[in-house]
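Trainee: Sequence:
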Amino acid sequence: MASSNNIPLGLVNGVSSSSLAVKITVGVFLSLALYNATELIILILLTFNKYHGLYFWSILISTLVGVIPLSVGSLLHFFTVGPLAVALVITTIGFYAMVPFQSLVLYSRLHLVFYNERGLRAILYTVITNSIVLIIPTTVTTYGSAFLRSYSWNRAYEIMEKLQLTGFCVQEFLISSLYIYETIKLLRLNPRQGRRRRKIMYELLALNLVVMLLDIALMVMEFLNIYYMQVSFKTLVYSIKLKLEFAVLGKLVSFADHSQHESLDSGIPGHIT
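Take 1 as the starting number for the sequence shown in my numbering and just add one per residue.
Read the hints as simulated data drawn from the structure, not as lab findings.
Since the structure is predicted, the reported quantities are computational estimates derived from the model, not experimental observations.
Please note that the accuracy of each hint is not assured.
Stated by the list, open to error - Below 30 angstroms or equal to it, Euclidean Cα-Cα: the simulated DSSO-like pairs (lysine-lysine) are:
hint: 1; residue 1: 50; residue 2: 243
hint: 2; residue 1: 162; residue 2: 243
hint: 3; residue 1: 50; residue 2: 199
Claimed, not checked - Simulated restraints, written as ranges between beta carbons of each label pair:
hint: 4; residue 1: 187; residue 2: 20; range: 45 to 51 angstroms
hint: 5; residue 1: 32; residue 2: 150; range: 30 to 36 angstroms
hint: 6; residue 1: 223; residue 2: 39; range: 29 to 35 angstroms
hint: 7; residue 1: 223; residue 2: 128; range: 22 to 28 angstroms
hint: 8; residue 1: 240; residue 2: 125; range: 23 to 29 angstroms
hint: 9; residue 1: 240; residue 2: 24; range: 16 to 22 angstroms
hint: 10; residue 1: 52; residue 2: 225; range: 38 to 44 angstroms
Glycine included, C-beta positions come from ideal geometry on N, C-alpha and C.
Full structure from sequences and hints, please.
Mentor: Laid out in structure tokens, this is it:
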């Protein structure tokens, strides 16, 4: 029988044999993620004056093509609604879009505090490379575990699931850490800067700390081997992180207006409507 504490052979059964509390928790996590994503898409389309730029496309794709399909696919999978193959295809599409593009969202605003063009380019290449290296093996082991249904494939998927989650969390952790470091450095270099600008920088600093704490919580759940809870919680966490990004959108605009290194292609709207 499957339980919430392990990855079931063949990824079958979902939460059918789990306790009512687990079923409710998984359902609530995924439903909240869907709600967050739907609300965020509406806000994005109403807020941005022009639909262009890395920031805009990253946050839109991570939400629309990422969180929503992953939430829907996970609901179909975990509650055994329809064929497993259909659910896995939907969740795979969602995973491809949600996780790597969240890293691109973090990267796309790094230029506001980090002015080393070579360093920025290296970070972008690292994000792309890590995504390819982590996504392909995860996909192979997912489908191998689901359809070959052997212990070895299941074990491979379990290992790869931990590796890819750790890899992406560490990547986001490092980007957020760099953002925090550079923000603190700017605050120290210019202690007399305007009160409003300092407030904005502190709020952006707090955002990155929250993102890091959410990633830590996600990794703790992963290594506690609470499979269904972890997967549904991950979807919710990413929807929260994307909403936090949008919540400080106006702050990013104000910050960019004061930044001598503002990028014309940032894709951040000039005003909030």
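Trainee: Indicate, hint by hint, whether the structure satisfies it.
Mentor: Now the hints, each set against the structure:
1. 50 - 243: Judged against 30 angstroms, a Cα distance of about 20 angstroms means the pair holds.
2. 162 - 243: Distance of about 25 angstroms is within 30 angstroms: holds.
3. 50 - 199: 27 angstroms, holds
4. 187 - 20: 45 to 51 angstroms: Holds: the Cβ-Cβ distance is about 49 angstroms, inside 45 to 51 angstroms.
5. 32 - 150: 30 to 36 angstroms: Once the Cβ atoms are compared, 35 angstroms apart, the range 30 to 36 angstroms for residue 150 and residue 32 holds.
6. 223 - 39: 29 to 35 angstroms: 31 angstroms, holds
7. 223 - 128: 22 to 28 angstroms: 27 angstroms, holds
8. 240 - 125: 23 to 29 angstroms: For residue 125 against residue 240, whose Cβ atoms are near 28 angstroms apart, the range 23 to 29 angstroms holds.
9. 240 - 24: 16 to 22 angstroms: 19 angstroms, holds
10. 52 - 225: 38 to 44 angstroms: 43 angstroms, holds
In this structure, every one of the numbered hints holds.
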